[in-house]
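Line by line, the protein sequences give chains A and B.
In this text, residue positions in the first sequence follow the numbering used here: the first is 207, and each later residue adds one.
In this text, residue positions in the second sequence follow the numbering used here: the first is 148, and each later residue adds one.
Read the hints as simulated data drawn from the structure, not as lab findings.
Among the hints, a few may not be true.
Stated by the list, open to error - Some chain B residues close to chain A (C-beta under 8 Å, calculated; not the full set):
1. Phe295
2. Ala300
3. Arg311
4. Glu314
5. Lys315
6. Arg317
7. Ile318
8. Tyr319
9. His321
To be verified - Far from chain B, some chain A residues (derived; all Cβ distances over 10 Å):
10. Arg314
11. Glu745
12. Val760
13. Phe761
14. Glu781
15. Ala868
Where a beta carbon is used, it is the ideal one built from N, C-alpha and C, also for glycine.
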Amino acid sequence: MGLLNPDRWQEISPYLDHALSLSEQERTEWIATFRAERSDLAALLENLLEEHRALAQEHFLEEEPARPAIELSSTGETLGAYKLVSRIGDGGMGQVWLAERIDGRFERQVAIKFLNFAVASQGAAERFKREGRILGQLAHPHIAELIDAGVARKGEPYLVLEYVTGGQIDQYCDEHVLGVIARIELFLDVLGAVAHAHANLVVHRDIKPSNVLVSSKGTVKLLDFGIAKLLADDTSSSAATLLTLGAGNAMTPLFAAPEQVTGGAITTATDVYALGVLLYVLLTGQHPVGPRPHSPADLVKAITETDPALASQAVASSSDMAAAENRGNTPEKLCRRLRGDLDTIVAKALKKKPEERYASVLALGDDLRRYLRHEPISARPDTISYQLRKYLRRHRAGVGVAAALLLLLAGFALLQAVQLRRITRERDRADRIAQFMTGIFKVADPDQKLGNTLTARDLLDKAAHDIDTGLGHDPELQARLMHVMAMAYNNLGLYSRAQALLERSVQLSTLALGPDNTQTVRSRQRLAWTLFQQGRVAEAESQQRSLIEVERRVFGPEHEETIGTMGDLATTLSEERRLPEAEKIQRDVLEIQKRVLGPEAHYTLASMDNLAAILLYEGRPQEAEKLERATLDIQRRVYGSENLTTVHYMMNEAEIKADMGALDEAEKMSLDLLELERRLIGPDSPEAAETTYSLGSIKAKEGKKDEALSLVRHAVDHGLLPREALTLGKDPELKALHGDPRFDTLVAHAKAIATRKNAN
Amino acid sequence: MIALMEAAERGSKAAADALFSALYSELRRLAKCELARHGSPMSLGATTLLHKAYIEIAGKDGTSFPDHNRFMGYAARVMRGLIIDHARNHQAQKRGGQFEITSLGAELEHPVNDRKLVRISDALDELAKAEPTLAEIVDLKFFCGFSFAEIAAMRDVCERTIQRQWEKARIYLHRSIRADLEV
């Protein structure tokens with residue numbers, strides 16, 4: 207007898223109920239009478255009751271069904287070509303097993319790491335395998351190889367990894383009593399591995415000593431690249447960061463960056479932070495959050511709010527002699543060793559705000575190498591302002607103005623003070639800077655009235671006002687500070703103030719140091735650039751030409767400063783639409799840079815980008831596009847996609863595409879770009895606003911007026927630079943919107959916002 | 148959630164679907180938390196999981212549910228969904244080949260289990276049309292592991308009645324899937 211049909215069931219159901227409520231004996235009696243009454247149903251009923259007895263005997267449906275649990279793996283079990291040998295660890299993410307190949311192809315021991323979550327859907331499993339494959343391509347001598355990734359039958363994802371034997375890097379360093387230099391050298395290997403991963407768009411997310419092993423031969427191996435992301439991706443809630451995953455024990459948030467604690471965007475800067483913590487631990491033997499045991503709440507507060515003690519101070523204030531001994535030092539010597547550059551380098555990597563940290567792992571490594579070679583470290587103010595200037599040159603959008611400005615001023619003062627202190631005879635000067643800066647920042651003191659409304663601009667105004675008197679008679683120092691402040695004004699778009707300061711700076715340093723001095727020449731270079739930015743192109747051009755003469759004579763024709771000014775001149779000329787001349791100079795600059803700096807150097811790429819702009823103006827969009835794409839390819843390969851300069855080249859590439867009429871491509875590229883900018887710099891950044899604006903202009907060209915208007919409006923309300931907002935009505939890109947009354951309203955709205963911003 | 152439940156009881160299909168998926172994700176989340184804590188989610192029984200879900204959901208809505216038992220009835224069905232999805236997924240993986248990994252463990256497992264579970268669930272859906280009370284008892288007993296006494300308390304009937312209904316439902320289910328099992 208097969209399935210019951212519903213009618214039959216309905217009919218027999220009450221009798222079945224009754225029969226089941228009776229004892230065996232009662233039931234037998236009752237059945238006898240029932241057989242007489244309902245002969246049609248009796249056979250079926252008896253059949254069902256027989257079935258009931260059998261089911262009761264075999265305890266049908268009484269055992270628990272398999273739960274969606276992850277059953278634990280066991281020795282001898284095989285996964286693909288591997289057989290589990292023994293359990294070697296039990297991390298917060300899951301078990302780790304030593305395994306060996308059993309398909310006889312070659313003998314090799316591997317580690318298999320099970321990840322503690324079930325991959326519920328087929329899609330999730332596929333994504334996991336895909337991600338695994340990406341990670342598997344990270345071939346680097348200092349990265350533990352990811353051999354395979356898969357999902358076991360039970361839905362449990364696993365990774366097959368190179369089996370690495372070795373000790374944790376901090377323990378290894380202590381056991382071998384490595385000194386500061388040896389520790390930094392070992393750390394540089396770690397940086398190399400992370401930089402390689404970043405270039406492949408993989409962020410580690412969980413760098414900590416237990417993930418950095420050193421073999422007995424002294425080879426560094428990084429484990430678990432990108433695995434934190436595999437885990438985070440699976441978790442439906444995005445807030446389930448390392449912290450929540452680590453609720454068990456293994457994944458301590460001690461190495462988590464502030465943005466990981468607060469659920470912010472995870473970028474390469476997150477790894478820079480964790481590397482900063484690692485370096486701090488290696489150098490001082492202490493953790494930046496301090497020696498005390500912390501409650502989770504305290505720890506979160508320490509990570510997100512408290513600035514760590516300088517590495518040297520941590521050593522100085524510690525009563526633990528072992529830390530210094532393990533570094534072959536006395537506490538005093540170790541403290542002296544760390545004070546200065548190393549303090550600065552570690553502090554910069556540990557900044558709370560991702561954008562204030564080293565822009566890349568490479569930059570951190572460069573500074574450490576400079577330190578090892580006894581060269582000044584990169585955070586020198588001139589380099590910062592030079593880079594900012596380069597950045598601004600082709601960025602119609604600006605940088606995060608106030609933050610950059612404060613950083614610049616404070617950084618300048620601090621570094622000056624630190625550098626000058628090294629030379630005893632300069633100590634007076636260092637103290638003067640310190641006093642001067644303290645004086646400026648005192649304004650931020652509530653007692654000084656301005657209180658909370660104090661802006662970067664206020665600070666700058668006060669500094670500019672004080673500088674003539676505040677530094678006594680030290681024209682050289684005055685000139686340098688004026689120079690830095692002028693750059694800050696430039697960033698704020700306040701060119702006439704910048705110009706006045708630069709003119710003063712040139713004047714002072716010419717008098718104090720002479721016309722051929724580097725400082726004088728640099729200030730002149732900036733002065734010419736400021737003139738250019740104000741649209742005083744003819745003046746800029748004549749100054750740049752005479753400056754190039756000086757630079758060629760003083761520094762040589764292929765010196766960085768000389769070709770820098772030549773590049774400026776090319777941009778000036780292209781603005782004057784003297785394009786063939788501009789192109790020739792830009793090509794000369796590029797040729798020198800390729801030879802001197804190399805074809806993949808930052809400034810070489812910047813020149814290629816500039817040349818592409820000139821070609822575009824010359825009406826050669828195909829060539830421009832080809833060059834821009836080549837620039838972008840190198841930039842991506844060398845510096846990664848998550849990089850501000852890459853973003854900037856992408857913006858230009860999209861612009862060229864739009865110009866060529868490839869609106870679809872431009873639109874697609876702009877959307878990618880926007881996503882990147884939002885993640886990297888923030889949704890209200892001028893860059894994101896700029897791209898939103900470009901998208902608007904693409905829509906306008908496509909005749910999609912409504913979308914265009916709403917995008918442009920969004921850009922205006924979310925960080926579009928005043929300069930652009932003010933010229934909105936005249937932008938030929940938005941021509942399609944002219945005559946629309948809604949556009950007129952928008953233009954007026956943009957003007958009002960820009961004016962309000964400029965007034966600040 | 149309360150509103151959803153009320154709407155679902157008034158017969159709104161959309162509300163019932165929404166309620167199901169809300170409970171489903173809540174249970175999944177809880178199971179996952181358990182996993183992160185103990186490494187094995189079902190160190191916590193399905194029953195406790197349901198109670199936990201109840202407390203969390205009730206807490207979230209600010210007020211407690213008008214009826215804990217009605218909630219359990221719903222949640223038990225959702226729990227079955229969770230288990231069945233897992234079983235289906237198992238099967239899919241076995242068929243898919245892509246993720247198939249030959250394992251010594253495979254022989255230890257009853258390959259019929261997953262299929263059987265899915266069949267039971269389908270049969271239970273059939274039964275729910277004719278006798279929803281019986282189906283709910285199977286959800287509570289078999290899929291969630293409540294005891295007869297607990298279910299009786301929820302229903303406010305005597306334990307014997309629940310047992311009888313359970314036995315009856317079991318016969319029905321066995322009938323439905325027998326053909327399948329004999330293959």
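Notebook entry, point to check: Checking against the hints above, which ones are violated?
Noted result: When the structure is compared with the hints, numbers 1 and 2 turn out to be violated.
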